[in-house]
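Chains A and B, in that order, are what the protein sequence lines are. Residues 1 to 350 in the UniProt record's numbering are what the first sequence spells out, letter by letter. Residues 1 to 350 in the UniProt record's numbering are what the second sequence spells out, letter by letter.
Quick caveat, the hints were computed from the structure, so don't treat them as lab data. C-beta: ideal position from N, C-alpha, C; glycine also. Hints are supplied without guarantee of correctness; some may be wrong.
Said to hold, decoys possible - Label-pair restraints from in silico Cβ distances:
| hint | chain 1 | residue 1 | chain 2 | residue 2 | range |
| --- | --- | --- | --- | --- | --- |
| 1 | B | 20 | A | 160 | 46 to 52 Å |
| 2 | A | 173 | B | 255 | 50 to 56 Å |
| 3 | B | 163 | A | 160 | 56 to 62 Å |
| 4 | A | 123 | B | 19 | 38 to 44 Å |
| 5 | A | 248 | B | 278 | 28 to 34 Å |
Said to hold, decoys possible - Listed below are the simulated SDA-like cross-link pairs for lysine to any residue, each with C-alpha atoms no more than 25 Å apart in a straight line:
| hint | chain 1 | residue 1 | chain 2 | residue 2 |
| --- | --- | --- | --- | --- |
| 6 | A | 297 | B | 45 |
| 7 | A | 95 | B | 46 |
| 8 | B | 95 | A | 88 |
| 9 | B | 213 | A | 343 |
| 10 | B | 46 | A | 99 |
| 11 | B | 318 | B | 221 |
| 12 | A | 318 | B | 88 |
| 13 | A | 191 | B | 92 |
| 14 | B | 191 | A | 95 |
| 15 | A | 7 | B | 97 |
| 16 | B | 318 | B | 124 |
| 17 | A | 334 | B | 290 |
| 18 | A | 9 | B | 91 |
| 19 | B | 291 | A | 326 |
| 20 | B | 7 | A | 191 |
| 21 | B | 213 | A | 185 |
| 22 | B | 63 | A | 92 |
| 23 | B | 7 | A | 97 |
| 24 | A | 213 | B | 47 |
| 25 | A | 46 | B | 100 |
| 26 | B | 9 | A | 347 |
| 27 | B | 318 | A | 347 |
| 28 | A | 46 | B | 92 |
| 29 | A | 334 | B | 191 |
| 30 | A | 7 | B | 99 |
| 31 | B | 318 | A | 91 |
| 32 | A | 191 | B | 191 |
| 33 | A | 84 | B | 45 |
| 34 | A | 46 | B | 221 |
| 35 | B | 291 | A | 91 |
| 36 | A | 298 | B | 84 |
| 37 | B | 95 | A | 335 |
| 38 | B | 7 | A | 37 |
| 39 | B | 63 | A | 8 |
There are 2 protein chains.
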Amino acid sequence: MDRKNYKIKDIAAMAGVSVGTVDRVLHNRGDVSEKSRKKVEQVLEKILYRPNLLVSSIGVKRKITLAIVLPSHQQGEYWEQIEKGIHQALYDFSKIRTETKTFYYDQFDLYSCRTAYSQALEYACDAMIIGPTFREETVFFSRKLDEQGTPYVFIDTLIPSCNQRAFFGPDSRMLGYIEAKLLSDVIGEEKDIAILHAVRSGNESSLQTVVRKAGFFEYFDTVSSKNRFLYANYYSQDVEQSWKEFDRLFSGENDIGGAVLFNSRSYIFASYLEHHGITGVKVIGCGVTQKNIEYLKKGYLSFLLSERPDVQGYQSIKYVLEYILYGQHEQIIKHTPIEILIRENIDSLF
Amino acid sequence: MDRKNYKIKDIAAMAGVSVGTVDRVLHNRGDVSEKSRKKVEQVLEKILYRPNLLVSSIGVKRKITLAIVLPSHQQGEYWEQIEKGIHQALYDFSKIRTETKTFYYDQFDLYSCRTAYSQALEYACDAMIIGPTFREETVFFSRKLDEQGTPYVFIDTLIPSCNQRAFFGPDSRMLGYIEAKLLSDVIGEEKDIAILHAVRSGNESSLQTVVRKAGFFEYFDTVSSKNRFLYANYYSQDVEQSWKEFDRLFSGENDIGGAVLFNSRSYIFASYLEHHGITGVKVIGCGVTQKNIEYLKKGYLSFLLSERPDVQGYQSIKYVLEYILYGQHEQIIKHTPIEILIRENIDSLF
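Please take these sequences and the hints and turn them into a complete structure.
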């Protein structure tokens, strides 16, 4: 188990080529003859070489510049954890000199996003990491990045028909499917299920919500339950209006046994349950935010799914550094973990 | 976000002391006056210094020697993942020259464990990592390590009344509690629950199983369900005998709706269900082994709890390296994550 750390000159000697040649192969730059490349690659394979950003016996002299475009956020919210993962990776790989600049936008305001995108476009960088919300706007922006030749990576939400180098985020369809499975398992086949929909003003539903909802109903299509589905809207900024909608759910003949939400605002429904002293409704949502954790611990949420935003942030930085330093040419789509959280295991996970 | 990497000479200059003094404070060795130590510590606090094994701008010249004592294992078994975490940490921290020697024992054979312990005791090392099974034997061994002055760390199972520097493993009581909670939620209040007990020959139950079972019943003490509990033994090496026991469970008036196992051999019960075409029994177990994953995917296990053996292995190496290089004097007990796995999220987690 005692490993040998091969240095670039060891590899050069073993391959019978110059140090410069090994360097060019490893860092994927400059001209190398097919014959020399093969020799080096054979040695790398033999010694099970994999580039290690953490050790990097191959010195990195240059400075890498990254632009990051993200929704702005409050403390304890979902995107804060994405940034935490980003910071952790920059810390772990701080042997590599990296400069980052972050451009924030209001995820409920298309014009704010447009401004952030224009500013990011002006910033000369080696690569860009984007947490997108608005589909059309992002497609348009990505075309400009393609023209510039700036490589970019998406996190959290995959926007189709872009040329991103990589994507790190949960499988949204599967996330909705798991929400359905767990809810169905714990409420049985008779009760009504409330589907709660976040209303955004001025634009369509987020792409992610649409896909999660599809995954949710895909599960119920496979089981022959008698559950009825009831729908209600809610509004991030308008509690009064949301609660009116919830009042309607609990009126009349309805027998609500469970409820599902597809974004990180489950606490809005949970606070309604708490205020009205309603127990016995199993609620499942996603997003391990401070407020959601609070209601999970109080028992007003039964399950939370975590999309591991920290992992998304960490992996995106690791990927772009490897991409820039070592070159990785396949486009990758990496689905990050979907964790199931209940009151009893959440403390062990954070 | 662009961080400065402080070198030891920067810290010395800021504190107005010699490089040697900073080195002694950081590595917790040699004599340093109280006054100088304070000066250095103030600077470290100001620059938010934390020792970073990954970067280590403070060079590590010495070689660190570690002994590791673990149960032997087959491919795809629980302890293989502990070793995977150990290897990953050694790789990530390969800037630090580390030599490890692993001593294996048969976890079902006390004498084999005794032999491994004696051999490890002869091996001169800076620290030891122990995955214990036998309580008395381990207490006895730990006394000898105390006499030698060898620091040691437990993983997986905490043995009470030892002077370990640290423990990395799941909270066993909570693990049993979560098994009960999930099982209870999905089978309802009427069905019978099978409690499956692993028989070990020649020695008492493992300490871990006892604690997990206690956690399991602690949950049922808090709910007023009508579930009946039925007990059966099983034998790792004797399928025929195990299946006889299971036949008894499914005979007569019994109405088995769920089953629980407390170690990583859930597949033994699952294979019985598969062979007899029994569906509709919700089984919960722990240990993300190849065989368990196979039966989770086939639907014969409903839930698996993962004790994250990879995290246990990784953290134990990271801890001992930090302990040896930087000195950390509080004894720590770090409960590793308890993850809830179902067929639908397992692929995203591995």
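| message | What's the verdict on residue 95/B and residue 88/A, does the C-alpha distance respect the 25 Å limit or exceed it? | response | Satisfied, since the Cα-Cα distance of roughly 19 Å is no more than 25 Å.
| Given hint residue 92/A paired with residue 63/B - CA-CA distance at most 25 Å | At roughly 22 Å apart (the allowed maximum being 25 Å), residue 92/A and residue 63/B satisfy the hint.
| query | Given a hinted range of 56 to 62 Å, is it respected by the beta-carbon distance of residue 163/B and residue 160/A? | reply | Distance hint for residue 163/B, residue 160/A holds at roughly 58 Å.
| Does residue 191/A pair with residue 92/B here, judged by a C-alpha cut-off of 25 Å? | It is violated: about 51 Å lies between the C-alpha atoms, which goes past 25 Å.
| message | Holds or violated: residue 7/B and residue 191/A, Cα atoms, limit 25 Å. | response | Between residue 7/B and residue 191/A the Cα gap is close to 64 Å, so the pair fails against 25 Å, i.e. violated.
| field | Pairwise hint evaluation, residue 290/B against residue 334/A, where the allowed Cα distance is 25 Å at most | value | 22 Å, holds
| task | Take a quick look at whether residue 46/B and residue 99/A sit within 25 Å of each other, Cα to Cα. | result | 22 Å, holds
| said: Given the hinted pair residue 63/B and residue 8/A, is their Cα-Cα distance within 25 Å? | reply: The given pair, whose Cα atoms are some 22 Å apart, holds under the 25 Å limit.
| request: Measure nothing beyond the straight line between the CA atoms of residue 95/A and residue 46/B; if it is 25 Å or shorter, mark the hint as holding. | output: 21 Å, holds
| said: What's the verdict on residue 9/B and residue 347/A, does the C-alpha distance respect the 25 Å limit or exceed it? | reply: Since the Cα atoms of residue 9/B and residue 347/A sit roughly 40 Å apart, the hinted pair is violated (cutoff 25 Å).
| query | Does the alpha-carbon distance linking residue 213/A and residue 47/B stay inside the 25 Å limit? | reply | 47 Å, violated
| Is the hinted range of 46 to 52 Å satisfied by the C-beta distance from residue 20/B to residue 160/A? | 60 Å, violated
The earlier numbered hints that this structure contradicts are 1, 2, 5, 6, 11, 13, 14, 19, 20, 24, 26, 29, 34, 35, 36, 37, 38.
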